[in-house]
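All chains, full assembly: derive it from the sequences and hints.
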Amino acid sequence: MALDRSDVTNIANLARLAIAEDNIDQYQQELSSILALVEQMNAVNTDNIQPLAHPTDAVQRLRSDQVTEVNDREKFMANAPAQENGLFLVPKVVE
Amino acid sequence: MALHNLTLAQISKGLEAGDFTSVEITQHFLDRINQFDKGENGLNSFITISEKQALIDAQAADERRAAGNATQWTGVPFAHKDIFCTDGTLTTCGSKMLSNFVPPYDATVVENMKREGAVCLGKTNMDEFAMGSSNESSFYGAVKNPWNNETIPGGSSGGSAAAVAARLVPAATGTDTGGSIRQPSALCGLTGLKPTYGRCSRWGMIAYASSLDQAGPMARTAEDAAMMLNVMASFDEKDSTSINQDVPDYTATLNDDLAGKVIGLPKEFFPDSLDGEMKQTMKAAIAEFEKLGCTVKEISLPSTDLAIPAYYVVAPAECSANLSRMDGVRFGHRCEDPKDVEDLYKRSRGEGFGDEVKRRIMIGTYALSTGFYDAYYVKAQKIRRLIKNDFVKAFEEVDFIMGPVTPSPAFKIGEKSGDPVEMYMEDKFTLSCNLAGLPGMSIPAGQINGLPVGLQIMGNYWNEASMLNAAHKFQQVTDFHQQAPANI
Amino acid sequence: MEWEVVIGLEIHAQLATKSKIFSGSSTAFGAEPNTQASLVDLGLPGVLPVFNEQALAMAVKFGCAIDAEIGKVSVFDRKNYFYPDSPKGYQTTQLHHPIVGMGHIDITLDDGSTRRINVTRAHLEEDAGKSLHEDFHGQSGIDLNRAGTPLIEIVSEPEIRSAKEAVAYFKKMHSIVTYLGICDGDLSQGSMRCDCNVSLRPKGQEEFGTRTEIKNVNSFRFVEQAINVEIERQMDILEDGGSITQETRLFDANKMETRSMRSKEVANDYRYFPCPDLLPIVIDDEYIQTIRDTLPELPDQKKQRLMDENGLSEYDASVLSSTREMADYFEAVAKACDDYKLAANWVMGELSAALNKNEVDIKNSPVKAEQLGAMIARIKDNTISSKGGKDVFAALWDEKGDDVDALIDSLGLKQVSDTGAIEAIVDEVIANSPKQVEQYVTAEPDKRGKMIGFFVGQVMKASKGAANPGMVNKILKEKLDAKC
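Protein chains in written order, with my numbering: chain D, 331 to 425; chain L, 773 to 1260; chain E, 58 to 541.
Honestly, the hints are just simulated from the structure, not real lab data. Zero decoy hints are in this set.
Calculated lysine to any residue pairs in the SDA-like style (CA-CA distance at most 20 Å, straight line):
(1) K187/E - A412/D
(2) K272/E - D309/E
(3) K272/E - G247/E
(4) K187/E - V424/D
(5) K405/D - D859/L
(6) K1160/L - P337/E
(7) K531/E - I482/E
(8) K447/E - V473/E
(9) K1010/L - K75/E
(10) K272/E - V424/D
(11) K824/L - E835/L
(12) K422/D - K1111/L
(13) K536/E - M517/E
(14) K521/E - S442/E
(15) K129/E - T386/D
(16) K75/E - E399/D
(17) K187/E - V423/D
(18) K1111/L - G195/E
(19) K422/D - H190/E
(20) K785/L - K886/L
(21) K136/E - A383/D
(22) K1033/L - T1250/L
(23) K228/E - I419/E
(24) K1010/L - R391/D
(25) K1160/L - A373/D
(26) K492/E - D538/E
(27) K1160/L - D377/D
(28) K422/D - S188/E
(29) K1165/L - T386/D
(30) K540/E - R505/E
(31) K187/E - E404/D
Take a look at the structure:
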């Protein structure tokens, strides 16, 4: 399916990606050609085929309910772009 | 022989014999990295060179050896792809987004290597978030192929491939989501193995497409790859998709007899459009296996051509969610002066991700969105089932499936970077392995126009040992794996 | 026009596991910010989830308790949205294959009648962190301690027809999850939260009206208030010929109104898909049966038992089984005094009155169940009178002592129940009151009953109130009648 400019803007918005106005046309063209490639799938009938989400047939393993983690806040938060009093800071969240 | 021409196995033996110390060989490789990797004409295969830490680790390895606790790996130098989290060492995944990210923990694969006392020389360059087939999408710049500085080394594990091919390290880790170990191994003349999905832990390996990603070794010989997989592979309780299956000694069966093994040649891997020289090279390599007692059988994997379309839904869909955590809040790149949270997200991500990453996130976002989910995502999962079924059926009658890794040898830097779809075609022979979760390998099989090409060996689930066995026997009767780029 | 109210509730209950749903971090409430946020909870690059077996067991237990289908294959999905308290940019939840399918509960209404409400499903998911809005130089602070706490989201069918029914449903769910011990039920700490979907339709119309969702209501009282003000708001709009906008609203208890949340979700598209980091959860009949075998007595069963085996009235049984705390307290009292009826009288009478008057929760009652039981036992064995019991209760409430017997002593409430001692006093009173004895003897037999009051008064006075009044009565009557 060929995308139009508003599709590109909507997708970028959903994915929270700022893209320059000047680049929209290029994305529109590239994404459309990728989708055209992808749509080759439609050549095959897949009725009655079960989707495969995981390559192996394994099932979920369970973890015993034990507290195994210790507080290592300083180290874990060392990469934070902004923090104060043990909290990550972000621009004011409005509810 | 110069130290850097030694294989992993030879280095291991040399350390054991006391021919050289870990500090000596580590310094030797560090000197080579400094000589060949940096500057305008350098290969650019490393993002981080851990010179200081490597020498500390080498010293510790020598002490461990003196204390009598050495393993096969103790003191042996190698490098990690910069996708593996390393506690205290910058881990960028080739992205501006993580250009300041110092993980507070080690990936399981990293831990496994550390436990053995292996010496990590640094973190290798890669396509951004492992998305690419040429290493041109790295925020840290393209990597040069040591066989020809104007060509790409392949991707996404291009830095690992170039570094090993140039003898800057004897081996390196890689990851393979759609061919990212096998394709650069082929284009740089290496032996690379993508194991069965679930063989190596994904804990600490920055996710691109979780149901496809798998770590594996990139080395010069099958023996080295086996030695490396022995340590990389493990069952890991921290990874729900890790499979609790014993890790065999992959080096123990390298010399097993190949007589009677059946090789399947899928006609879809040898289409009329395949380059004649490539076809010839592959046939010649397969003939060597016949000499070793294998029989050859033509088979069909009818869904092969659907691998590209299915992959470019599944991988982008998973990556679109996997990369959502890159939001400028807890780590990574944050834009200047965000005016609100939305602005923080959009600009941090807009600035932090390169074009290819953005394209794949957007394709994935679209494929999962309301109204398109069934047509794209579910459809792709169904195709994935068909692809797996092809293989399951084929492996009822053959032991290996062989064919080319790539349609052609390495192309020129910049040649395909303008057209994403053309770039995607580079992976047409490697993607189906990942979609099915099967192990796949690339071994050096000859040269075209002075550039190496690889033969792909695919095996049934958990058959890494027999694939390595086949590769090793092949390497006992051929010398493609011993060929080195000029000036090395 | 006459309107019918249509309500569906989505209740989020935090599961009482020790560790989080996908990591080994503690779920304890109230820790310093981000000290219970592991690599996994922070969503750092490269980390992976592993599912907590207790979260599974608790969800299955819940499913068994509401007589639901249990999903033998359930699947975790990713729900994609960006929000600072959602560290991965998606929430791991279950969309298409939840662990608990269709089930039901019965709610009791004010008139004593019961109604069955069907439960569409209950699924496992992870809680988000918290955004703290107090001023950090105009910024918000993010605490991810709560991120990854296991939740079950319980979704009702849109079968609830009034705010009162909604509260009854919420209370019943609260009592079920606390009876099961899978949730601590502490609403003030957010252990249970409720989203209320409310719509109106003309009576008799089958098609649903447009609904609004009131998010995160966290007390029984607020559920009733929020729904009622929302019903009124919608009715006003509809009566004026307007239409309802489908949206998410917040309840403001101070202003007694609901208001639209700045609609971040309008343009959202959650893009659910199966989480590739987690595999399908597969359980068999044996597993389900093992869990089923551990089910405790549930509220409805307890109520029935209190009526059938312990002889309580339906009303008493209903009140005493309504919450786990009440039931546990009551059962402990009954056990200590070995008398369900007396225990019920005291718990529903004196104790409830004191709790209500002082606005104390039963779990914080200063009178412990064992104390109340011990005191009732002393009434039963005639050590004290019922009136004396009230004095002991008051003393316990005011925390003047811990030990019931010691209090009886110090308050001098012990009754004289020794026949010999009472007879001696009776004899003395009879000897000292010849005139009154004479009047008694000569009176018409049917008048004597009234006249005995004088002698009882004298005996009680002489015993300083300690004589067991029943025994005094009996002995007096015997002795006086012997003279007639």
